[in-house]
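Enquirer: Go ahead and model the full structure; you've got the sequences and the hints to work with.
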Amino acid sequence: MNDTGHDALEARVTELEMRLSFQEQTIGELNDALTQARLELSAQTGLLRRVMDDLRQARTVHFPDASEEPPPPHY
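All you need for the numbering used here is the position in the sequence shown, starting with 1, plus 112.
Treat the hints with care, since some could be wrong.
Said to hold, decoys possible - Between beta-carbon pairs, the in silico distance windows are:
1. D115 <-> Q135: 28 to 34 Å
2. I139 <-> P176: 52 to 58 Å
3. P185 <-> A149: 54 to 60 Å
Worth flagging that the hints you see were computed from the coordinates, not collected in a lab.
Positions of the beta carbon are idealized from the N, C-alpha and C atoms, including for glycine.
Expert: Encoded structure:
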């Protein structure tokens, strides 16, 4: 292989190595972002469950189930 072909091949390999390095860095950053998003989703899911539980408790206190009340006196 002549020097020009060898230089071109070496430049191409160097370019591919740089691209691979950039892609590995990008994948790492995306993985970190996905991990953070999953943690936030988990925290928000727990918060939503607590809010729903509180809402159910408040509803039963303020709006008791009609089936549990005694019938009106005219029955």
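Enquirer: Next step is simple, just say for each hint if it's right about the structure.
Expert: Status of each hint after checking the structure:
no., hint, result
1, D115 <-> Q135: 28 to 34 Å, "holds, 30 Å"
2, I139 <-> P176: 52 to 58 Å, "holds, 55 Å"
3, P185 <-> A149: 54 to 60 Å, "holds, 58 Å"
Every hint, counting from the list given before, is met by this structure.
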